[in-house]
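Modelling step: build the complete structure from the supplied sequences, incorporating the hints.
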Amino acid sequence: MTRLNPIIPTEHGAWAVIFVPLVIGASVTESFSPRVILLAGSMLGFFLSHVPLQTLLRRRLEGLRDAVVVRASMLWAGIYLGVGTIFLVPLLLSGYWMIVPLGAVGVAAFLLTVSLRSRIPGKFLVDQIAVLGLTVSAPAAYVVTSGSFDRTAVTLWILNALFFGGTVVYVHLKIRASAARNPRLAWSDKARLGTLNVLYHVLALSLVIFLVAVHYTPRLAIVAFVPMTIHSIYGTVRLSDKVRYKRLGIILVGQSILFAVVLTHAGF
1 MTRLNPIIPT
11 EHGAWAVIFV
21 PLVIGASVTE
31 SFSPRVILLA
41 GSMLGFFLSH
51 VPLQTLLRRR
61 LEGLRDAVVV
71 RASMLWAGIY
81 LGVGTIFLVP
91 LLLSGYWMIV
101 PLGAVGVAAF
111 LLTVSLRSRI
121 PGKFLVDQIA
131 VLGLTVSAPA
141 AYVVTSGSFD
151 RTAVTLWILN
161 ALFFGGTVVY
171 VHLKIRASAA
181 RNPRLAWSDK
191 ARLGTLNVLY
201 HVLALSLVIF
211 LVAVHYTPRL
221 AIVAFVPMTI
231 HSIYGTVRLS
241 DKVRYKRLGI
251 ILVGQSILFA
261 VVLTHAGF
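Numbered according to this note's numbering, the sequence shown spans residues 1 to 268.
A hint or two may mislead.
Pairs of lysine to any residue residues, derived as SDA-like cross-links and limited to a Cα-Cα distance of at most 20 Å, are as follows [what the hints assert, rightly or not]:
hint, residue 1, residue 2
1, Lys123, Phe32
2, Lys242, Arg192
3, Lys246, His231
4, Lys123, Val171
5, Lys242, Arg181
6, Lys123, Arg58
7, Lys174, Ala108
8, Lys174, Arg58
9, Lys123, Ala108
10, Lys190, Thr229
11, Lys123, Leu193
12, Lys246, Ala14
13, Lys123, Ala14
No lab work stands behind these hints, which were simulated from the structure alone.
Here it is in structure tokens:
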């Protein structure tokens, strides 16, 4: 019997990674377009399809033999892809073909993450590739509201990929600290575990400052990155093996909302 319960992604952070950039990309033009609803519906359908599609690809790559799971995955992959296509077609008929190569980037990122997940120890690189694919929602939303793919679209993609890539780095830091099972981490342990986290956020903020200096992005973009940078460094200093993931999730969602508010008022 085929499973009728919907297959829903359990990576709660991924919802923010795709839809917060979409809101940002749609808002910077300061003019709402009904086409954003079509884009959101299309992206929702394709996003939901990634879990059943992963299962089907695992069947091919790893020899998954659970027939019930496979049939359910085929059913829901077809439903979700159908929904995504239904919302996509009106956009294409209206001439917004630039979202096709952006979607191709998302598809390529998805296929690469599925391929690498079983080959690379840990999920850090895989999650960064996923972020790069999910944040195409920012330039895509900008395209359907402004009608053009220009420097602003590229900048929005860069800024969103940097920001949400930073949340991935920070979450992985917390996971490694939790695995250490040491309530009193020495400074040497914090430095060993947190070097990548601090280095990433410092370099990300430095890149944003550079983009502002060369007049590639508004000055408020720097402000958008400051809370996350401060929190990540403070989190490294106060690092311990006790991680309250629900609290961490709420904090990261709050930072994402603050990032979106600042960036949409940056004056692109």
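Violating hint indices (sorted, rising): 1, 7 and 8
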